[in-house]
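On the provided structure of chain A, position chain B as indicated by the hints.
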Amino acid sequence: MSTAVEAIYIFNQNNHCILEHVYRSRPPPPHAILPLYQRHTKPRPSVIHLPDVNPPTVLFSLLHANLLFLSTASTDVEPLFILEFLHRIIDVFEEFIGAPLLANKIESSYDVVAQLLGEMCDAGSVCNTEPNALRDDVDIPGWMDKLLVGVGLPGNPPGSLSTGGHKQHLQLNPSTTGPAIPWRRANVRHTSNELYVDILETLNVTLAPSGRPLAAIANGSIAFTSRISGVPDLLLTLSASGGKIGLEKAIELPVFHPCVRLARWKERPGELSFIPPDGKFVLAGYEVNLMPSIHDLKSWSNASLQLPASVEVLKSLGQNGADFEIRLAIYNTFPGSAPALQTQRPAFGSRSSGTSTPVFGNSSNAGPTLQDVVVTVPIPDGVRSVIDLRASRGEAYFTASESLVEWRLPTKAAASPGTATLRCTVVGPVADEDTDGMVNGFHSDPTSGDYDEQQDTYQSSAPQPINAPKPRDKQDAQDPKKVQLNAPLMPSSAALSFTVKGWLASGIKVDGLVIDSRKSKGLGEGVKPYKGVKYLTASRKGIETRC
Amino acid sequence: MESISKISSIFETARDLTLEAAQSAGAARSLNPRPPRDLPFAQIKKLLDSRNDRDILEGLRKVISMMYRSKPCLPYFSAVVKNVASPNVEIKKLVYIFLLHHAEAEPDLALLSINTIQKSLTDQNPQVRAMALRVMSGIRVPVISQIVSLAIKRGCGDMSPYVRKAAALAIPKCYKLDPNTIPQLLDYLSILLGDKQYYVAGSGVTAYLEICPERVDLIHKHYRSLVRKLVDMDEWSQLATLRLMSIYARKCLPVRSKKMKKSKTRGFYDDEASEEEGSITEEVRILDPDLELFLRTCKSLLYSRNAAVIVSVARCFLDLGTPDYVDSAIGPLVALLRSPQDIQQVALYNIVDVCLARPERFVRYADHFLVHASDPFDIARLKFEVWTLIYTHCEPHVRDMILCELEHFTRALNPEIVQESVRAIGRCAQSDSLASPRCLRILLEQVSSVDGNLSAESLTVIRHLIQQDPQNHTKTVIRLAKNLDITPNPEARATIIWLVGEFAGVDNESNIAPDVLRILAKGFATESEPAKLQIVLLAAKVYLHHLNNLPEPQPQSSNPSASFQELPPSIDQDEPDNPFASSASSSPPANPTYPNPSEPPDPDHPIPKLWNYILLLARYDTSYDLRDRTRTYRALLANSSSTQLASLLLLAPKPVPHAPSPSENRRDLPLGSTSLILGSKFAMGQGQELPAWVEEGQEPDPRLRDEGGVGKDAGGVSSVGSGRPAGEALDAALREEKEKEKERGKGKGRMVEKSLEDWLGEEEMEQEEEEEDGSGEDEETEEDESEYEEITDSEEEEGGGKMEAKGLVDKESSSPSSS
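Heads up: the sequence lines are chains A and B, in that order.
Sequential numbering of the first sequence, starting at 6, is according to the numbering used here.
Sequential numbering of the second sequence, starting at 9, is according to the numbering used here.
Derived by calculation from the structure, the hints in this document are not laboratory data.
Treat each hint with caution, since some may be false.
Listed below are the simulated SDA-like cross-link pairs for lysine to any residue, each with C-alpha atoms no more than 20 angstroms apart in a straight line [claimed, not checked]:
| hint | chain 1 | residue 1 | chain 2 | residue 2 |
| --- | --- | --- | --- | --- |
| 1 | B | Lys259 | B | Asp225 |
| 2 | A | Lys271 | B | Asp335 |
| 3 | A | Lys47 | B | Asn422 |
| 4 | B | Lys14 | A | His36 |
| 5 | B | Lys204 | B | Gly165 |
| 6 | A | Lys417 | A | Asn337 |
| 7 | B | Lys184 | A | Pro60 |
| 8 | B | Lys184 | A | Ser406 |
| 9 | B | Lys79 | A | Lys271 |
| 10 | B | Lys79 | A | Asn109 |
| 11 | B | Lys161 | B | Gly202 |
| 12 | A | Lys546 | B | Lys14 |
| 13 | B | Lys259 | B | Ile219 |
| 14 | A | Lys47 | B | Leu686 |
| 15 | A | Lys546 | A | Ser315 |
| 16 | A | Lys536 | A | Glu330 |
| 17 | A | Lys47 | A | Pro385 |
| 18 | B | Lys14 | A | Asn71 |
| 19 | A | Lys486 | A | Asn325 |
| 20 | A | Lys533 | A | Leu240 |
| 21 | A | Lys546 | A | Ser406 |
| 22 | B | Lys689 | A | Pro60 |
| 23 | B | Lys79 | A | His36 |
| 24 | A | Lys417 | A | Ser522 |
| 25 | A | Lys47 | B | His380 |
| 26 | B | Lys662 | B | Asp477 |
| 27 | B | Lys14 | A | Asn325 |
| 28 | A | Lys487 | A | Asn325 |
| 29 | A | Lys536 | A | Ser522 |
| 30 | B | Lys90 | B | Arg69 |
| 31 | B | Lys689 | A | Ile53 |
| 32 | B | Lys689 | A | Asn59 |
| 33 | A | Lys546 | B | Gly165 |
| 34 | A | Lys487 | B | Asp459 |
Chain A extracted, bound-state conformation (with noise of 0.2 angstroms):
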């Protein structure tokens, strides 16, 4: 196994190649690679082979805002390097070039984005993709640094051009030494000096169709913003709703940003202590198991997981059980919600609207609410369309392009507490007559009539493993041939979606952010940086209901 990236092709969404850098040996060019790539069939696997190419190459692929990025290999490369690699490009282009990464950024750029694909990978070998060193050696022209400027980042001072970039890399570069810490910039300055933390939990929850839950696990996120002078040494402590052992038990499996010091972590769980890069960056992942341990999971319900919201369906209703219905149950409840607000507020104060960090805004004094309510049906591939799409709440419609049913809950109609359903009729793909002769195809012939009779008896004998339609919901006047017949056709789980400002599945809070002003080097006395916490949960169709 080598370690070496060998090229780095980009294209956009019309398949353009906009962006071709090779690093060494002789790939394949983009226009040949493409079309092979393109014949996978989507979802396309992120490592391909390509045996057929010339030498034979193992493509690498990742797709990102409407942005394909492609990477070929052609000797044994560990394919998770790679894609960190192309993961890494992408952060480094969007921190230089501007979030969100577009085509014509990129093509407008190509001096700055030549500079640092230089300067991350040398002829292969991946040196460098910390965004702080990369600004100590990648030059950005004027209108970007007036931009920087206008943000609280230094730039080339204006008419200095000539001499300008010398002496400004000689300031940069403590050179004797080298970069101190490799992940921050040396003397960094602002104005206005100001701390964000922002904690995203991702909700990842499977339902069984009774409703309990199999596992319901909380992905979470440390985003870091820090502009702040000199070299701060910051102490972040979270908490649980358990105290210190709350903590211990909750935040499961963690990794972290190269600066955070481990053994401190080690030592106290909960305290992040770091000297942070300078500008935007992840300080830790880390995972919450929400299920409860396994002995006490007898005597435990649904409500207990306490989710904001939750999704039921019910299935072949109706006559012909051709409908099923979704059941959304807004139950609006923030577990630990309020006293986390009122611990924090003094602390840290919400956050102004005025800041280019997006803002907590004038919900933190409402309480957190449930906003982007989304349910998702994927519908199976014989359908060939939904009908009569009802819903109590919102709005729902079809997309037959990728099958699913979409139910979208504007944040008013998410508000309140209570039930919310939407019924739908699923259509087959022919007439019902014809499915009947499909299901039983095989034996429609009329030779063997006498199978069918055949059929009868073994059936009434057999203890009927095979159709016994279950029809959740008893009319009596179903009939169980056509239930049976749309069966196949109904959806077999529903994902929920949604965000929620200012809450956390976990329970976490952030207790405190301080800057340790004994070893934390350039920043004034009496300096008091701005501090915010921002907290989301997020469920990107990731309540998952079985049916």
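What follows is chain B alone, placed relative to chain A:
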């Protein structure tokens, strides 16, 4: 770890982003998106030839952007390259980028620039020196290999670690230019591997792996220092070092084991393998202290945000460590499932591979492997596999959940997932006899599925299950036989018919086989070929059982093998108009031993009749294969003396099939490699595979790894577990070496012609370094708790001021030359 771009995209509302995207798209369309790009050749050339830096930069940007859009820019080569002498760093950078891309196409012109680049190697600014070194080695013109080698030599002794790092990275490039330079390169490498700066050493390791991964002798004396630096290196160097250490350990740190009282490891994450008194002695592996040092250091890397590092550590543990170490990597591996989908997929391949080795440790993470409706097929398949692997180790309620989930996915929308879940159910049932009735029930529901593949797949699995425990499954076979009516898939039908045939011998009185045969015979013409083959086979078995059950006929003197020898001729003779009943007797007239077909009594019995009927039908089939087989069976069963042989052939007990986990064949492929993902060895050259463990006694002397007492100073293992141990240990360990290092630096410096200013600058640097030493020591004595970062911070503060002053000097000195 999720990338920051993804997280911020969730925080910033999607609307804002799309708005910006739409705006920019609109702007791109309405305004002419690339007016400056259409500048004519002459104009760009004029810009490049300008005396104004700003214009030159503008021109260079144009050229670079043309370069990336694959437009021809070789015509600009000379115009661009002549700017290489510009004192402006920005211009230099862009020229260098251009040079790197096009030097190969214009080697002669590129050579003209070498001289200027060489001059930059002695520039005051380390960044310029590093860049020059990088470009020089990157120009793929073999003639200059010696010059490059010299430049690397100078770079190795440079004061700035930045330059030394560039030198390390230049080594493989120089090797590729001219492999004959290897002796010199190895010398440089040896110096760089011992560099005190972790990122220089890290790049050294990368270079080492590229040019000479087999030269472990270079590593001995740097082994411990490299291990200590491991935590502080950047992620990419960590990957290289982990690989290097795996090879090194295999070659130099032999496995020792000794018999001792049974040891018991206590905790899951317990570092100490605490030994307790026990009655049973067992072989216990003794880890070499140096290996243990490495493995312990690796544990800190399990908190890395980089998925590749975590998988690499897992690979090291798997290849080198004891099971305890492997177990400690399992949690972090499972945590990779939080990553973006592309990484998740690759990680899962690795997880499955580890799971094959330590399934019981994955049990507690069973709920992480729940498949989501949005998971693509590959991810679902691998998650199922993990489940089936851990299934036997799970608690009953988890098993229950697994089966429920698998059952759910037999109704999934994606047929591939359905198929995979059916297979997974089969594997679960295979490993747990208690669950097989339930699995069977789930599978039986699939048999009559409209989807032919699914029913075939589930039948194959059912067949395996039945074969494992034939006694208890007679009823199942009957039930399956009933399903023949509603099972359209040929393969599925063939499987059912085969199963019926296998059970044709049991329970003679009420056996369904003849009846099934009777029904099948009616529809024979409409059956598919695989089904027909099985029908003929079933007929043969039924008939054979019938023969066997007859009262013992008189012993015949015939030789069974003789009748076999008759078979080949009987194949060519096709007598279409010969009715079957007489064919057996008439076909081999020359053979006296051929039996009398009328001898089997009671030709009116339905079974012989049925048999004859099937033979007749098959005889006129279009398939060669079917006709051939039919003839074989016919000949075999025609002679009552060969019944015994036929029994041996047809009724032989079948071996119990065992469906291995699909990834079983990937076991030998290295964790984290592309080969593991592809499932076959991909472009793995020699020497890339991990060597076998060195025999005890064959290994190099462990004293080679001693670093002149430094190893002892570092206090061995105890300091390694803590936060930034490598840095601290490094400071302490390398203090003595600094003197030497400086001497070397001076020596190098003298070889080069230098201006007075350079000398001044260098002295200044040296002074700084001395100060560094001082401050470092002070810190060390003042408070032992002091963090590594702090030390460097203080250096930086002092250094910063000086640098600023120097910058001014530099500015003054450079400005006259530019004007």
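Violations among the numbered hints: As far as the earlier hints go, 4, 8, 9, 16, 24, 27 and 33 are violated by this structure, in ascending order.
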